[in-house]
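Student: The residues making up each chain are set out below.
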Amino acid sequence: MKPASWSLILAIILLTACASVNLNAPISTIDTGVDSEAWVVIPAGGFLSGQFDDPAAISYDYEIMVTDVTVAQYVNFLNTAVADGSLTVNGNKIVGFYPGDAFHGVKHEVEIPAADYIFVSLNDPASRFSFDGNQFNIMIGYENHPMTNVSWFGAWGYCGYNIYRLPTELEWEKAARGSADNRPFPWGEEIARNNANYYASRDPFEDMSTVGSRTTPVGFYNGQVYGGYQTLNSASPYGLYDMSGNVWQWMGNIYEGQHYRYMRGGSKDTYDMDLRIWVRNNATPTYYSPDVGFRCARGGG
Amino acid sequence: MHFIKDRFEYLFKSTKGLILVAIAMIGLETALFGMLSGPMAEFGIRDIVVRLFKMDLVQAEREGRIIILYHSIAMAVVAIETYIITAMLKMKAFYRSTVRVLITVGYLSAMIFGMGFAYWGHLWPFHGLYIAGLSLIYFAGLLLAIALWPWNKEYYQPDKAYARTKNGVDMERVAFFIMSVTTLISVLFGAVPGSSFGNGFQTFLAENIIRSPEKTTLQFSVIGHLHIMLALIAIAITLIIGRWLDFKGLLHKIAMPLMILGTIVLNLGVWGVVTPLEPVAHMIIYIGATPSMLAALMLVIFGWDKFIRQGIANIDKPTPWQKIKVLVRDPLKFGPLWQMVFMNFTVSGIGIMMAVKLDEIFRLWPAREERIELTGHWHILSAIIATIILLYYGDMIGLKDRVRRWYGWAIIILSDLAFASVTIFEIKRLFISEAEQQPLVNTVMLLADFGLGMLLVILAMVMIWRLIDLFKKKGRWKQEIEQNDLTVEVDI
Chain A
1302 MKPASWSLIL AIILLTACAS VNLNAPISTI DTGVDSEAWV VIPAGGFLSG
1352 QFDDPAAISY DYEIMVTDVT VAQYVNFLNT AVADGSLTVN GNKIVGFYPG
1402 DAFHGVKHEV EIPAADYIFV SLNDPASRFS FDGNQFNIMI GYENHPMTNV
1452 SWFGAWGYCG YNIYRLPTEL EWEKAARGSA DNRPFPWGEE IARNNANYYA
1502 SRDPFEDMST VGSRTTPVGF YNGQVYGGYQ TLNSASPYGL YDMSGNVWQW
1552 MGNIYEGQHY RYMRGGSKDT YDMDLRIWVR NNATPTYYSP DVGFRCARGG
1602 G
Chain B
38 MHFIKDRFEY LFKSTKGLIL VAIAMIGLET ALFGMLSGPM AEFGIRDIVV
88 RLFKMDLVQA EREGRIIILY HSIAMAVVAI ETYIITAMLK MKAFYRSTVR
138 VLITVGYLSA MIFGMGFAYW GHLWPFHGLY IAGLSLIYFA GLLLAIALWP
188 WNKEYYQPDK AYARTKNGVD MERVAFFIMS VTTLISVLFG AVPGSSFGNG
238 FQTFLAENII RSPEKTTLQF SVIGHLHIML ALIAIAITLI IGRWLDFKGL
288 LHKIAMPLMI LGTIVLNLGV WGVVTPLEPV AHMIIYIGAT PSMLAALMLV
338 IFGWDKFIRQ GIANIDKPTP WQKIKVLVRD PLKFGPLWQM VFMNFTVSGI
388 GIMMAVKLDE IFRLWPAREE RIELTGHWHI LSAIIATIIL LYYGDMIGLK
438 DRVRRWYGWA IIILSDLAFA SVTIFEIKRL FISEAEQQPL VNTVMLLADF
488 GLGMLLVILA MVMIWRLIDL FKKKGRWKQE IEQNDLTVEV DI
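Just so you know, the protein sequences line up as chains A and B, in that order. Just add 1301 to wherever you are in the first sequence, counting from 1, and you've got our numbering. Just add 37 to wherever you are in the second sequence, counting from 1, and you've got our numbering.
Keep in mind that a hint or two might mislead.
If we take Cβ atoms under 7 Å as the criterion, some of the chain A residues that face chain B in the derived model are [to be verified]: (1) Ala1403; (2) Val1407; (3) Gly1558; (4) Ala1584.
Label pairs and their in silico Cβ distance ranges [as the list claims (entries may be wrong)]: (5) Gly1558(A) x Glu191(B): 50 to 58 Å; (6) Thr327(B) x Phe1404(A): 30 to 38 Å; (7) Ile85(B) x Met1509(A): 28 to 36 Å; (8) Leu504(B) x Leu1316(A): 35 to 43 Å; (9) Glu79(B) x Leu1316(A): 34 to 42 Å; (10) Ala497(B) x Asp1332(A): 48 to 56 Å; (11) Leu1315(A) x Glu79(B): 19 to 27 Å; (12) Trp443(B) x His1405(A): 35 to 43 Å; (13) Leu89(B) x Gly1401(A): 52 to 60 Å.
Output of the computed footprint for chain A on chain B, the stretches with three or more beta carbons under 8 Å from beta carbons of chain A [what the hints assert, rightly or not]: (14) 247 to 254; (15) 466 to 473.
For the record, the hints were derived by calculation from the structure and aren't laboratory data. Here a beta-carbon is modelled for each residue, glycine too, at the ideal position from N, C-alpha and C.
Throw the hints in and build the complete structure from the sequences for me.
Tutor: Here it is as structure tokens:
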């Protein structure tokens, strides 16, 4: 084959990289039967924390949401909070007040003073809601999908508005792992493609040739069959869903000398290794992404 | 019996045989364990491989497995460089043979038993043999440093065309010596935390703690270790390529002191991470890297200038186009230097961009994105070093004419295609959003997998060819067995 032919093939392949993605492609609405309003109590007591099974203990009972906060729940919050003036529209974003963090001037640390910060963007095409200038609306089919494209401030604000809070990393880890063993995944020792939504896990919402991986409805991996797709029941020992995969979950911890906020659980866009319970991710609190969401905790702490 | 004895002598006593074994071992390991991650895992190949080979992969031990994998491949690469150094540089026969025996037993033991321990359950005697293998390699390194002692008058450089002191001390040999000694010291920065495992130190991959503002001394030590070891392997291959191309003249005289200075300062900076100098260690590292890279640049200038001069010797008034044509005429000679230049786009360039724009760009992204840059960056550097070795190996075994051109250009084009694709993947967030990235990701991954996959196919073809050759009574191996001078080419 002549060099010109090779160059032509290469050029065609490179052109495929420029293909556009229809972010609003319709999806099927699926009812998983899992209640996104449900909470479970995590009892006080010890458990094995982290990759190396360090003994840890939480001295209080607390509650945590069974699922991630859904698009429907967050849109409801936006409508209410904007209406009562808790949140404001500021150009292309919804902002809310955050009282700021103590600043220690550590290398790479960025000061977070008291100010209004972004909760959600209004012009990100990957968001699963729309705003007509008056009202926030849910994109059809995404009602029970996890809320994404929400900053840490937006997650913190949602929980605070409802008199909840974001879970700490330790609380989240205990809720995901339980207190009986050192399992790497909420459901057990190994991971199969139908245990969770992760990169190339071949769930019905995924199309790797175009949009890539998309979120699955909360509680999707509960052992049910959806249109011929058999899921495995992947609830944690305390009955929580989506503690591994689907979306990263913002944590409530604020560490001295760091402005980064931490996330747990892995996501639809990460390989299975990131779904292991002890794996951490972090980003600036203004960061938002189609693979980051959250759930809330209450009580205790 | 004679059949086996003769082949054994070739594979384990001759320079080219030893290099062939090490390349084959790396190829086998890369092909097998490369199927456990990335796209191979996506396609479901990993699951098949795990079942087929009855691997025992505990989730919590992934990081430990990977560390042993990296070490076992790196040890084979170090062995190849050592074989070449012991063949190229003058030294006593005792040292040459002892170093080779120790490092061969060492890397094979580290590779076979280390991987056995890591991927097939924890048979602790295997772990012991893995450590014993690493220790043998270290001992081989000690002997190599002794063998390289440049202030022995036997090794003085009589030719003024090469870098040397007024007394005649061979500066290139000093550079090799300094590289060896600093390697021996830098090894300890990994060995000490390793020996503290379970007693204040736990396994981790450096890219996973990059944003942690408070790292322990042992963590700093490991981070320093992994960076400097790869840098030293790169320095060693640069010196080797220089010797191969008979680097000399004014540029050699400037480059060698720069390489010595760069190696020392670079190491001091890295060692500084476990001292109170830690806050300025990065600055010292930059200062050390600069002269080393300048020395490599001088080698590239020298080499390319030499190829052009040789190529246009019979042309009266060569045009620029003719000069370019003669420059790229022999891919096995042009390739190693080109790969060093290409490294600047895919490794150094990205590294510098990250350092300059860290807080403004890269630290605005989530840590997992930063991890992609970091791991991509050093995987490419490692692979570039591997391609340079393969190109040199092609010349070493005397590939000629069309085979030489196809082998050389295939390595250069396929690897650079893969490296460029991975680089685009690393920095994709600069120009595309997460939601819209999939077509781009698919394309660059396809190109990267195609490039690396085909590279492995070529390597497999060479290895099969060499395997078949071993069954011939008067194959290439028969000639190579006597060739310790690596510039001698087989003529069949």
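Student: How about Ala1403(A): closest beta carbon in chain B under 7 Å, or not?
Tutor: Nearest chain B Cβ about 14 Å off; hint violated.
Student: Lying within 35 to 43 Å: is that true of the beta-carbon distance Trp443(B) to His1405(A)?
Tutor: About 60 Å separates the Cβ atoms of Trp443(B) and His1405(A), which means 35 to 43 Å is violated.
Student: Confirm or reject the coverage of the stretch 466 to 473 of chain B by chain A under the rule of 3 or more residues with a beta carbon closer than 8 Å to the chain's beta carbons.
Tutor: With 4 residues closer than 8 Å to chain A, the stretch 466 to 473 of chain B meets the three-residue bar; holds.
Student: Tell me if the beta carbons of Gly1558(A) and Glu191(B) are separated by a distance inside 50 to 58 Å.
Tutor: 57 Å, holds
Student: So the hint says 48 to 56 Å: do the beta-carbon atoms of Ala497(B) and Asp1332(A) match that?
Tutor: Given about 51 Å between the Cβ atoms, the range holds.
Student: Holds or violated: is there a CB of chain B closer than 7 Å to the CB of Gly1558(A)?
Tutor: Holds - the Cβ of Gly1558(A) comes within 7 Å of chain B, reaching about 5 Å at its closest.
Student: Is 35 to 43 Å a correct range for the gap between the Cβ atoms of Leu504(B) and Leu1316(A)?
Tutor: 41 Å, holds
Student: Look at the Cβ atoms of Leu89(B) and Gly1401(A) and judge whether their distance stays inside 52 to 60 Å.
Tutor: 56 Å, holds
Student: If you check the beta carbons of Ile85(B) and Met1509(A), does the distance land in 28 to 36 Å?
Tutor: 19 Å, violated
Student: Hint validation: Ala1584(A) versus chain B, beta carbon distance must be below 7 Å. Holds or violated?
Tutor: 4 Å, holds
Student: Cβ-Cβ distance between Glu79(B) and Leu1316(A): within 34 to 42 Å?
Tutor: For Leu1316(A) against Glu79(B), whose Cβ atoms are near 23 Å apart, the range 34 to 42 Å is violated.
Student: Cut-off 8 Å, C-beta pairs, minimum 3 residues; does the coverage of the stretch 247 to 254 of chain B by chain A stand?
Tutor: Holds, because 3 residues of the stretch 247 to 254 of chain B bring their Cβ atoms closer than 8 Å to Cβ atoms of chain A.
Violated hints for the displayed structure, listed by number in ascending order: 1, 7, 9, 12.
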